[in-house]
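Q: Residue numbers (this note's numbering), protein chains in the order written: chain A, 5 to 133; chain B, 115 to 585.
Hints listed in this document are in silico derivations from the structure and should not be mistaken for laboratory results.
Among the hints, erroneous ones may be present.
Said to hold, decoys possible - With a straight-line Cα cutoff of 20 Å, these simulated PhoX-like cross-link-like pairs (lysine-lysine) come out:
1. B/Lys225 with A/Lys101
2. B/Lys411 with B/Lys397
3. A/Lys65 with A/Lys19
4. A/Lys101 with B/Lys427
Stated by the list, open to error - If you want the footprint, here are the derived chain A segments under chain B, 3+ residues with CB under 8 Å:
5. 83-90
6. 95-103
Stated by the list, open to error - To list a few chain A residues with every Cβ distance to chain B over 10 Å, as calculated:
7. Met5
8. Ile16
9. Pro32
10. His39
11. Val70
12. Ala126
In this text, a Cβ means the ideal position worked out from N, Cα and C, and glycines have one as well.
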Amino acid sequence: MVRVLLKFSKEIVDKPITSQIIMEHGIPINILSAHINQQGGEILAEIPTDQANKAIEAFRKKGVTVDVRKLIDVSEKCFECGACVALCPVNAIAFEKDYSVVFYEDKCLGVACGLCADACPARAIRLIG
Amino acid sequence: MKKLVESSGIEVAYKEVDVVTTGTFGAMCSSGAIINLGHADPPIKIQRAWINDVEVCHPGAAVDLYIGATMMSETRPFEYGGGHVIEDLISGKEVELRATAYGTDCYPRTKLETTLTKDDLNQFYLLNFRNCYQRYVCATNSRDETIYTYMGKLLPRFRNATYSGAGELNPLMNDPDYETIGVGTRIFLGGAQGYVIGEGTQHEPGKQLGTIMVRGDCKKMSPEFIQGATYTKYGTTLYVGIGIPIPILNEGLAKKVAIRDEEIFTDIVDYGVPRRERPKLGKVNYEQLKSGRITIKDKEVRVSSLSSLKTAKKIADTLKTWIENGTFYLTAPAEKLPVDTVFKPMKQTKEISFVESIVHEAVTCTEDEEIKTVAQRIINRSVNHIVVVDKEGRLRGIVTSWDITKATAQEYRKLADIIVRHVITTTPDESLEAAARKLAQHNISALPVINQDRRVLGIVTSEDISKLIGR
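Next up, chain B with everything else stripped away, as it sits in the complex (with noise of 0.2 Å):
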């Protein structure tokens, strides 16, 4: 279709075209499949239950619960959750159930263990609050350190970039006011054939950041299309393909279904900075993404997905031959979806701190001051860290007064033999809890507060974070 509006023209790809289908297939972590179980005898009211030692949620009457897609196995933490428990049941695995109750007349079980397939399940259904985002940002890293994120993997120092979404081939960006996608829409999801519910949580398409809420059958569904995964040290999350048949209704939608990816922009964003208003360095297209090498501040980095654009084309493909085949029929929404909705941010009856809120002076010297004279300093100001910096204040590095007393009794003479060059920084924007979680996780009792040019603003020190949480 797109390339048949740019080589004969809207006009002409409007006569010629009916449907034009389009497919995702990506971690969408605000996923979950709800199930009933029937009731056991004698009957329990389920309180807390766990699947292959997962946890899940929200039990309603008795013997409905809810399986989380982000929710991770207390045993295999961050290896295996509830998105795994989603695709083994579809697969056609046994899985285990503990459940565990307080017991009531008429409930008067308290315990349960037993195993479970698919074909137990009363329901099994998919049940997805937010999917299918329009588009994403482009994550990348500012830090020194490696960091570990929902956008995966992100290098130190700008070294690599992620992605997700299909760009083009994104079904909300293909009906992106929302003509034909509304409640009711059917839709090809996990393999099987769903439907829309509603606008996604965080739904905002002012800002091409749509998203939707869809259902559908996981007993129908193929475990190629949904699949269980794991964000090393973020946790557990599902993929999920979707496809949704666009019909060309007007000339309108002929020429929004035309959509590029080298039209469609999103944010190069720094998740080195861990806070909602993350710094953005700048604007790539999809198409610049897809070619697997993008600028930033000057410099190439190498950028890949997380999404799956072959299984996204093969979704699509799919859902063409259903179509053609006469096994999916399209439907007309029964209702709009919400196209004015914006996304706002939590509001919080109590602040938080940051870092500029407890940094204060850092002692300092030079690289080539004598050791003694840095002893010296830290007896007079009493402290145990100096921050060594060069004659613009940038940040050379750090000694401690264990540093000191090493060096005396090794005999070191020099200074800069002791230095430690690698050294872990905060900035004044982080959050106090960010701060204490790179204390403790480099197991040391100070970080050096720096600007973005490395300028030493001071220094706060684990003693100091102590203090404002005993408070």
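One chain only, chain A, in its complex shape (with noise of 0.2 Å):
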């Protein structure tokens, strides 16, 4: 799962966007927690990381906001082989001292790098954003 801090301006905050979306596109969204009044909004939401790239660019075209939490998912498939440690120009992919995987979520830059995530033999490396 993805989460995704959601703002909406005073403009567009009385239209059902987050409705729209969950129908048109079938994503199944979880709202965490949300803050709405007239002068704007907040909704802090859930979205399946497969279909997190398609929520984002919808919300974004509609004039929302998208705050994404978490810029990179590794899935259960990674056997830690290490091939992407290297290639991170940032180091938030490490090797532990008993050679585990580890990745710092908060260091990762996302699609913005993405040096890492054609080069995994597992493909377990899905960046978001």
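Combine the two chains into a complex, taking the hints into account.
A: Written as structure tokens, this is what we have:
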């Protein structure tokens, strides 16, 4: 799951944007919290990883500011070979002492970089945003 | 064991330790599985077959197929291949089989479509002809562009390096003279018990490049230790987990299994040169490789593995548990593996051509020349490409007749404004095939030929190459 913060401006806050996207794209969006008034609003939501890019794009098209809280998703397919480690320019991927591969999501640049994704033999890395 | 030898000496370690377990988990392309389907009704003598759109090869009599790890899906090439088919079957997934045949009196059927799981197969055996390389090279890339190789993604100008292998944990590194590993040695293979059935292809123990051929029952294996994988723009493969127990039969073996990463050296190799003999840029040991940083040409370069050291350790630990629990028994080899084989290069009856055989003089200019002067040179010398060089003859850029035309139309005044700075180049020792691939890939029509100092030695054009191919 990808966690996103959706920011609605005053101009669009009265439109049923979230429900439209859920219905049009069939994406199950889970709303975790929502603070809305006439001046605008914020929704913290979760979107399934494989549909995240589609949903984010749809929200942005409708004028919503999308703040992605997680830029990289590593699936259970990862067998911790480490092919990605030396490629990461910001040290967001590293080996632990026991050669586990760890991902520091807060350091990751996401699709803005993306050097690791196509180097993954397990195809376990998905970049978001 | 390694620590024990260091702290208490070989004699004590030899007395204390009975067996040392080893492990490795990495991409092993020369792998595959043999399956038997049973007969269809009416029967078919399969000529060609596909599983999940991956062509599977070499039917023997009628319904035996070999799933090669590197065969790629015809609908999803470079993403799904034979390795993934093997993993899916081991995981219990259903796969789709398609087959065609020419039809005979005894096997009349010419087409077949069905679905299968591993339970539907009579035999499903992993049959890998080259596994477990004792050590492998460290790969890097001198080129100006990222390249995608069987050693993974290599960034331009030595910005990263990759390596493979478990170093001191590698099975063959712990028994380099094949005292205990031979035909019939029982091993950990893909999470089950398997066997060494011979030396692997390209086995060259004299250069610490030993390999083994193995066989094991896929139906008992686990997808944790057998996984399909993809190397972008290279192809698909299979990650194989192998562990071998080394019984400490003598003090000599106790000493050999004490080998440490710092004693295992390998070459740093430039995969930017697409030749059989790739330039070696230095030596490095596995301790340095595992540290994540090595030095290439006085520059610190980040390096990471393609094989999983964590899984390698898990395999050695699992094998140890099996032996302690009495569920795994060691075997003495029925026959020794050869220790003197060498890996010869291919005999070629027809030599192929390299850039050096068609390179010709490049028409050049310097950056400070007038556009008009360069335009005249293009006409006088009847060429389409002018290579821009500095005073020392080093490559600075390229200008084509098209760039000059564009400059005239758009009224650019200075040559410097129209020079193409990012130039795709070649070297004299590159094959014509590789040069032709560069031309097609970048949709360009000429490559300046340069040496290591970027001095321009000449130029090759797509016309030169097509003339040669057309001959």
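Q: Now tell me if each hint is right for this structure.
A: Verification of the supplied hints:
Distance restraint check for B/Lys225 and A/Lys101: the Cα-Cα separation of roughly 54 Å exceeds the 20 Å cut-off, and the hinted pair is therefore not satisfied. With a CA separation close to 11 Å, the supplied pair B/Lys411 and B/Lys397 stays within the 20 Å bound. Between A/Lys65 and A/Lys19 the CA atoms are separated by roughly 14 Å; this keeps the pair inside 20 Å, and the hint holds. As the CA atoms of A/Lys101 and B/Lys427 are separated by approximately 12 Å, the hinted pair is consistent with the 20 Å bound.
Check on the region 83-90 of chain A: 8 of its residues sit with their Cβ under 8 Å from a Cβ of chain B, so the three-residue criterion for coverage holds. Counting residues of the region 95-103 of chain A whose beta carbon lies closer than 8 Å to any beta carbon of chain B gives 3, which meets the minimum of three for the stated coverage. Chain B leaves A/Met5 outside its interface by the beta-carbon criterion, the shortest separation being 24 Å against a cut-off of 10 Å. Here A/Ile16 stays apart from chain B, with its beta-carbon at least about 39 Å from theirs, past the 10 Å limit.
Even its closest Cβ contact with chain B, about 25 Å, leaves A/Pro32 beyond 10 Å, as expected for a residue assigned away from the interface. A/His39, annotated as away from the interface, keeps every beta carbon of chain B farther than 10 Å; the closest lies near 42 Å. No beta-carbon of chain B is positioned within 10 Å of the beta-carbon of A/Val70; the least distance is around 28 Å. Its closest Cβ contact with chain B, about 6 Å, brings A/Ala126 to no more than 10 Å, contrary to its assignment away from the interface.
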